[in-house]
Amino acid sequence: MAQHPHNQTSQWTGILTYLIAGFILFETITGLFIAFLPFSLANQVMVLIHTGIGLLFLIPFAWYQFKHWFEYKNRPLSDVVITGYISMLAVLVAILSGSILTFQALFSTG
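Residues 1 to 110 in my numbering are what the sequence shown lists, from first letter to last.
It should be emphasised that the hints constitute simulated quantities derived from the structure, not laboratory data.
Ranges of calculated distance between the beta carbons of each label pair, as one might list FRET restraints:
1. Trp-63 - Phe-33: 22 to 32 Å
2. Val-45 - Pro-76: 38 to 48 Å
3. Leu-41 - His-68: 35 to 45 Å
4. Ile-15 - Ser-108: 36 to 46 Å
5. Tyr-85 - Leu-16: 18 to 28 Å
6. Ser-108 - Leu-56: 16 to 26 Å
All figures in this text were calculated on a predicted structure; none of them were measured in a lab.
We put the beta carbon where it would ideally sit given N, CA and C, even for glycine.
Just need the whole structure built from these sequences, with the hints factored in.
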């Protein structure tokens, strides 16, 4: 069987992987702060930064996720693959809800 040009370890050390991991960590932390801290000026600024970074990383994240899914989609189900699908679904739900909130904030008249 021919060896894939990229081994498994090299996939976890690429710059895009680090950027996406940092993006998810940042969005998770700021999202939790927004949800659980009292609404203040600092929290309002955090909402803007959270939204801006989210929009900035939307396309790189989608590219990374598609690339990753495309590579793993034909593998047999295992704990690693199932965890990946659940994680992907959780992040996609967060992106969808954040996109809806951003759309409402930008285009709401009430």
